Amino acid sequence: VSGNLELALEELPDDSLIRDNLTEAMKAAHQCSDVSGSMLTYLGQGFVKPEPIDIGEFCRKNLPELQSSLHGGITIEADLIDTELIVRANSNQMQQVLNHLISNAIESICDNKGRISLSLTTRTITASDISKLHIFPADSKSSSDIYACLEVSDTGCGIPVVDIDKLFDPFFTTKFTGRGLGLAVVLGIVKSWGGMVGVSSEVDHGSSFMVFLPLSVDTSIQQAKKSAQSPQVKQFSTVLLVDDNQAVLKMTTIRLKKMG
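With the numbering used here, letter number 38 in the sequence shown gets 38, and the count goes up by one each step, no holes.
Quick caveat, the hints were computed from the structure, so don't treat them as lab data. Just so you know, these numbers come straight off a predicted model, no measurement behind them. One thing to keep in mind: the hints can contain errors.
Derived DSSO-like pairs: lysine-lysine, alpha-carbon spacing no greater than 30 Å straight-line [what the hints assert, rightly or not]:
#1 K141 - K191
#2 K132 - K191
#3 K250 - K49
#4 K27 - K257
#5 K166 - K141
#6 K27 - K49
With the hints as extra help, turn the sequences into a complete structure.
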């Protein structure tokens, strides 16, 4: 849908009366794409290649942007460990995890002035540690003694006990209609990395969401960056295009021809 709308917009003059209509249709198509993409992520069917990431450094680099997105009265207190914490993850998905957890914390604070603390630590996960938390997925089993832990805590309204087990269900929300995919996506992403999510909350005393990820033995972050180069395409290359959907095949063929 997006591809055909894009092709149509390119053929229209700037002063066309229907350009605004098609632009709005494009926005709606992107929203639908985001929802279906989120569902695929939740189901573990997203096609994303993991890479070694130092999540401490990742959070440190993203803090200014996260802070600038907050409204008045809310601040982020960061406690980021200096030691490298290398995990097998994906930077775009890690950004999604951070954004969803921060957004969830902001909404729990509501209109009250509160504080969101973002802390990052390593710890030894034992059976007794896990038993103190609500762990998701519920059938998670520790595959390592040492995990990296990304924790987002807030001073918000807290979560009633009866709601905690539903937190990661798609479209479950105690907010307004149309929400409820953020935490489901977080769980889907973390599961795909071999991790788990812990929740600790008390009504009127805030909540903490902890993402536990196995530490990686692969520390070749610089090498991964060097190898991530775009392939060089020669002029007049032959392209073999294969798709079982005729509409997609036709649209993509037109797009490639327009690109030369």
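Each hint tested on the structure:
1. For the suggested pair K141 and K191, the alpha carbons sit about 12 Å apart, so the restraint of at most 30 Å is met.
2. Taking the CA atoms of K132 and K191, the gap is about 20 Å. The hint holds against a cut of 30 Å.
3. With a CA separation close to 28 Å, the supplied pair K250 and K49 stays within the 30 Å bound.
4. Under the criterion of a C-alpha separation no larger than 30 Å, the hint pairing K27 with K257 is consistent with the structure, at around 25 Å.
5. A threshold of 30 Å between alpha carbons decides the hint, and for K166 with K141 the separation of about 20 Å falls inside it, so the pair holds.
6. Between K27 and K49, the direct Cα distance comes to roughly 27 Å. Compliance with the 30 Å bound is thereby established for this hinted pair.
Hint check: no violations occur; every hint is consistent with the structure.
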